[in-house]
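Just so you know, the sequences run in chain order A and B. Under my numbering, the letters of the first sequence match residues 1 to 300, in that order. Under my numbering, the letters of the second sequence match residues 1 to 300, in that order.
Keep in mind that the hints were calculated from the coordinates and are not lab data. The beta carbon of each residue, even a glycine, is placed where N, CA and C say it ideally should be. Among the hints, erroneous ones may be present.
[Claimed, not checked] Here chain B is said to cover these stretches of chain A; the calculated rule only asks that three of the stretch's residues, wherever they fall, bring their Cβ under 8 Å from a Cβ of chain B: (1) 15 to 24; (2) 28 to 36; (3) 42 to 53; (4) 65 to 79; (5) 91 to 104; (6) 216 to 230; (7) 249 to 259.
[Said to hold, decoys possible] Derived coverage of chain B by chain A (criterion: at least 3 residues anywhere in the stretch with Cβ under 8 Å from a Cβ of chain A; other residues may be distant): (8) 63 to 77; (9) 213 to 223; (10) 252 to 258.
[To be verified] Here's a subset of chain B near chain A, in silico, CB distances under 7 Å, partners left out: (11) Arg13; (12) Ser16; (13) Leu20; (14) Ala23; (15) Cys31; (16) Val51.
2 protein chains.
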Amino acid sequence: MDPQEPTIPDGARNLSGDTLTAAVLASFSHCASDRLTEIMSSLVRHLHAFVGEVQLTEEEWASGIDFLTRVGHITTDQRQEFILLSDVLGVSMQVIGINHQRPAGATESTVFGPFFTANSPRYANGDDMANGAPGEPCYLHGSVRSLDGAPIPDARIEVWQADDLGHYDVQYDDLESARGRGHLFSDRDGRYYFWSLLPTAYPIPDDGPVGDLLAAAQRSPMRPAHVHFMITAPGYHALVTHVFAEGDHYLDTDAVFGVKSSLIVPFERHEAGIAPDGRQMDRPFSTMRYDFVLAPVAAE
Amino acid sequence: MDPQEPTIPDGARNLSGDTLTAAVLASFSHCASDRLTEIMSSLVRHLHAFVGEVQLTEEEWASGIDFLTRVGHITTDQRQEFILLSDVLGVSMQVIGINHQRPAGATESTVFGPFFTANSPRYANGDDMANGAPGEPCYLHGSVRSLDGAPIPDARIEVWQADDLGHYDVQYDDLESARGRGHLFSDRDGRYYFWSLLPTAYPIPDDGPVGDLLAAAQRSPMRPAHVHFMITAPGYHALVTHVFAEGDHYLDTDAVFGVKSSLIVPFERHEAGIAPDGRQMDRPFSTMRYDFVLAPVAAE
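With the hints as constraints, model all of the structure from the sequences given.
What follows is the structure in structure tokens.
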């Protein structure tokens, strides 16, 4: 052990209240990067202000330690409870608001959520991404365009959504392949079209510590029905967003504060018959159309 | 799933900045306890203010999620990295300052730290708690008294300390019994006396995410040499404290901001010979005396 030169000011004894906060700030004043100093200084000031403002008791502090420990222990490659916590505290949406101030006309962003996975299966336009997931078939289509209306061909479109039980494929232990999840590319005219499921409202995973917090706050864990999209194309800002279903009961009470009016569209229901792509459907189905507009990197 | 009545105000769409913060605050305005509403309101306001103040990027947010995940995953029954994080951010000392404002004359408190364990072995006065741990023998003695100087008999005295390699027993994988750890009771005159080790300065565990944070902040992980004490007796406030060794190089740069002048005493070194309890020592040893003063519950 060869400790680095201490940076806490000499005589840092008998610290409490303001002198304690000053000593902690001083200890972060020589970070390897100025940005880390900036971030840690703000974090320390707000953490100490929070503890002082509520006069946190030792039992409450211990509850906080225990809560964070449980959040950490339930988090796996398949379940990210810290992101869920950030979501229900509105922190995720705040970060998105800061980092995605796009020009008017560009599609708005919303939360990424905890259920994206890399390496989703590739589909072609016209394919069915539901891949056997339970739910009513839905035909999703539209275009990917630039601010000036020009089509963007070969945009990579990642899609993920819950089934009609409100579960994403990664929430099942026994699935051998992705369901309600995949990626495809816009065609030469910037169009996309595929089959998946009619989305339904569902609760965020509420069997863990974040669920306990929502219960203690008497908050609903429900999210309005939506389909996740992440769209990337060279020369454009990546777009992470949802399309929400018009008329959903939970649009005004989203547990993660992610609803934007511009992202709400009708999911139109149709009886069995001929679908827009000519497919003969032997049961009812829905259709949804959304035209995504990407912001060019150069436009900012 | 039978969600409770949503409490987010109607029309909570298109939230960002102040409207987002207001909506999150509203969502915590009907907690099962008023105290939880108070705590969550302050926490949300400070979290949002922090994110806005530093204009947190998505990469930085993701680094924060990853950091907390690593803190969670390294935390076990034997290692509490969230407490360590609270310690190096000065939050633990702040909570202690708020909750241990004792009358003048009472022994001061300091951090609990991550290494206490319940069910330590019981010793009698005069025993050796080192139990084979490597280090120089030390005779620790003194008394437990009330504010008026009256001895407190039968006070339970929990002791834990690192060995001369800077490790607590729980940091070893292969120990069958406690070392440098135990509890005993003050005698009828309020006195205690036992053998253990001369404490040495040591780094807090810095092979995990908290160590990474200290390294990025160019902060030393060292703590000055100390012995932990927790003393409890009916009718008195529990005392959680350390005794620090006078002259230690790190007294002004404690990684967890825990040093108080009133807790520093000399650990006197003696050559081989007769110890204060009459024991014949065949190698050098130290002696330390500290008189603990407990605050009566009724005194506040």
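Results of checking the hints against the structure:
Here the region 15 to 24 of chain A counts 7 residues with a CB under 8 Å from a CB of chain B, which clears the bar of 3, and the coverage holds. For the region 28 to 36 of chain A, the stated coverage by chain B is satisfied: 6 residues place a CB nearer than 8 Å to a CB of that chain, which reaches the threshold of 3. Residues of the region 42 to 53 of chain A with a Cβ under 8 Å from some Cβ of chain B number 11, which satisfies the need for three, so the listed coverage holds. For the region 65 to 79 of chain A, the stated coverage by chain B is satisfied: 7 residues place a CB nearer than 8 Å to a CB of that chain, which reaches the threshold of 3.
Residues of the region 91 to 104 of chain A with a Cβ under 8 Å from some Cβ of chain B number 9, which satisfies the need for three, so the listed coverage holds. Given as covered by chain B, the region 216 to 230 of chain A passes the check, having 7 residues with a CB less than 8 Å from a CB of that chain where 3 are the minimum. Counting residues of the region 249 to 259 of chain A whose CB lies closer than 8 Å to any CB of chain B gives 7, so the stated coverage by that chain holds, three being the minimum. Residue count for the region 63 to 77 of chain B with a Cβ under 8 Å from a Cβ of chain A: 7. That meets the three needed, and the coverage hint holds.
For the region 213 to 223 of chain B, the proposed coverage by chain A is satisfied: 8 residues have a C-beta within less than 8 Å of a C-beta in that chain, meeting the threshold of three. Chain A is given as covering the region 252 to 258 of chain B, and this holds because 4 residues of the stretch bring a CB closer than 8 Å to a CB of that chain, at least three being needed. Checking Arg13(B) against chain A by beta carbon gives a least distance of about 5 Å; that is within 7 Å, so the hint holds. For Ser16(B), the interface hint holds, the least distance from its beta-carbon to any beta-carbon of chain A being 4 Å, beneath 7 Å.
For the restraint placing Leu20(B) at the interface with chain A, the shortest Cβ-Cβ distance is roughly 5 Å, inside the 7 Å limit, so the hint holds. At about 6 Å, the closest approach between the beta carbon of Ala23(B) and any beta carbon in chain A falls short of 7 Å, and the interface hint on this residue holds. For the restraint placing Cys31(B) at the interface with chain A, the shortest Cβ-Cβ distance is roughly 5 Å, inside the 7 Å limit, so the hint holds. Here the hint on Val51(B) is kept, as its CB sits about 5 Å from the closest CB of chain A, short of 7 Å.
Taken one by one, the earlier hints all hold for this structure without exception.
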